[in-house]
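**Q** Below are the chains, spelled out letter by letter.
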Amino acid sequence: MKNWISILLLLAPFVGSAQQKSKTSKSTPQKTTSTKSTTTAPASSAPASAKSTKSKTVDTLPSAPKPATSQPATKPAAAGGDLMSMLDEEVKKNPETNYTTATFKTTRLINAHSVENVAAGVLDVKISHRFGTLNSGFNNLFGLDNASIRIGADYGITNWLMVGLGRSSFEKQYDGFLKLKLLRQSSGKRSFPFTLSGFAGIYYQTLPWQYPARKNYETSRFNYVFQLLLARKFSEGFSLQLSPTLTHYNLVPLTADKNDMLAIGIGARQKLSKRVSMNVEYYYNVPGYSLKGIQNPLSVGFDVETGGHVFQFIFTNSTGIAENQYLTKTTGKWSKGDIHFGFNISRVFTIGGKNRMKK
Amino acid sequence: MYKLIVAAFAFMTLQTAKAQDIYLTRTGKIEFHAGTSVEDVDAVNNEVTSLVNTKTGEIAFNVLIKSFHFKRALMEEHFNENYLESSKIPKATFKGFITNLSSVNLAKDGTYKATVDGELTLHGVTQKVSIPATVTVGGGKIRGQGSFKIKPEDYKIVIPSLVQDKVAKVVDVIVDCLYEPKN
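Residue numbers (my numbering), protein chains in the order written: chain A, 4 to 362; chain B, 47 to 229.
The set of hints was computed from the structure by calculation and includes no laboratory data.
Hints may be right or wrong, so weigh each one.
Said to hold, decoys possible - DSS-like, lysine-lysine: derived pairs with alpha carbons at most 25 Å apart:
1. B/174 <-> B/154
2. B/159 <-> B/195
3. B/49 <-> B/112
4. A/95 <-> B/137
5. A/96 <-> B/134
6. A/175 <-> A/96
7. A/274 <-> B/134
8. A/277 <-> B/137
9. B/112 <-> A/95
10. B/112 <-> B/137
11. B/174 <-> B/134
12. B/215 <-> B/137
13. A/184 <-> B/117
14. B/228 <-> A/96
15. A/277 <-> B/174
16. B/112 <-> A/96
17. A/95 <-> B/159
18. A/96 <-> B/159
Make a model of the complete structure from these sequences and hints.
**A** This is the structure we're talking about:
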């Protein structure tokens, strides 16, 4: 009978530790490998205390076994790994969806839009400048004497909807747009491969009529641009965007021109350092669906980010800055040297809205 | 004979109390203040996961960097992209223990002063920290509050010279977690 007691008492610590692992209060003693890994401390001290109480258990409940207090002070450091692995298990139970951020540094890739939106309550003031063409010679200081500018501001209504207004000196045009973030790239619990945004812009030209004698309609001053922006952040350093575009002119220059023009854009950015990146943007005007004599706009740029500003330094063959001008009014050719040097400055102000810290 | 069996089973049930020694929180709060007189740089993380072993006094924290939220979206983006590089190193961890566990009775209601010593791994760099803390036990829950200071440069967090006067060289960190028994 004494053998029976000693077997029971020796089995007890294994039962206790097995129950701790399996998390159910009623489990039969499982002699699985899990008991060996984590609870070396109680197992080592419990049999010792079991043996000491063996002589006393006839009368009293064993009060001695409190394995933890018999541990020396250095034990927690060694067993810290166990708590950490338990913590890692807990964290894995609640996987999070990781939404990709900062696919591009700002809301414009170079001239045309990127998938980035301005955050809610944030005002982004944009000043864009294009000098004259490099091939205008030394007299014109290689184009620095001329300028085409756009002043504008973008505002984030929500994190996925932004609005913008601006005015360009080229053709004295006012523009407004809405950009909507439709799908976000994500990884983790819910994985999605790309970010999709929709863009709609309206453009109003205020130059005097070319033929004032005939009947001119106010609606002829309006152009529209609709874009789908599809981008993927492939790595921390590289992002790629595709932008199919529809441009609509209410009034076209020649009767042979179509009112609706199609183009497909491709842009990429490669980070050169934490705060500097190089961007390339090209729009291909689909033949048969573009204005006559128009060149495809190609731009190369560098983004430099400093605190609240993003500076974009640009080389492009396009004089116009607003989307409709950039896409459908580019007449310059890179091969002829019709290259404009220019820059965009973006300055972010947080003005509106909710206290994000409480999120 | 009967007493022996009772004693043996009582012994076994005492061992099962070990499961009740672990306390957990998934909504722990950690905030930090890294601003200067020029600019406020404050963020809070309300999704900290942490475990406490009340028998051994061990504590472990798992903090996701992307869960720190700032008032300004651009500041949060720069924090993740440029300063803490959270896409490379997504989390910070802490493992340590209560050094004066004997004077802190986690089974009894009350307020105790404690010191938590351990290692903080932030931005991939591990440093020893010692945190003075207040432990409040009540209603079956344990609340741990503590604050300490760290230097970004100790963790290889680079602050560019352009914004040197906007980000503090010593950052205040405040921890506030309410633990419940893990089931």
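**Q** Run every hint past the structure and note whether it holds.
**A** How the hints compare with the structure:
| no. | hint | verdict |
| --- | --- | --- |
| 1 | B/174 <-> B/154 | violated, 30 Å |
| 2 | B/159 <-> B/195 | holds, 18 Å |
| 3 | B/49 <-> B/112 | violated, 58 Å |
| 4 | A/95 <-> B/137 | holds, 13 Å |
| 5 | A/96 <-> B/134 | holds, 22 Å |
| 6 | A/175 <-> A/96 | violated, 58 Å |
| 7 | A/274 <-> B/134 | holds, 15 Å |
| 8 | A/277 <-> B/137 | holds, 20 Å |
| 9 | B/112 <-> A/95 | holds, 16 Å |
| 10 | B/112 <-> B/137 | holds, 8 Å |
| 11 | B/174 <-> B/134 | holds, 22 Å |
| 12 | B/215 <-> B/137 | holds, 21 Å |
| 13 | A/184 <-> B/117 | holds, 21 Å |
| 14 | B/228 <-> A/96 | holds, 13 Å |
| 15 | A/277 <-> B/174 | violated, 29 Å |
| 16 | B/112 <-> A/96 | holds, 18 Å |
| 17 | A/95 <-> B/159 | violated, 32 Å |
| 18 | A/96 <-> B/159 | violated, 32 Å |
Hint check: violations occur at hints 1, 3, 6, 15, 17 and 18; the rest are consistent with the structure.
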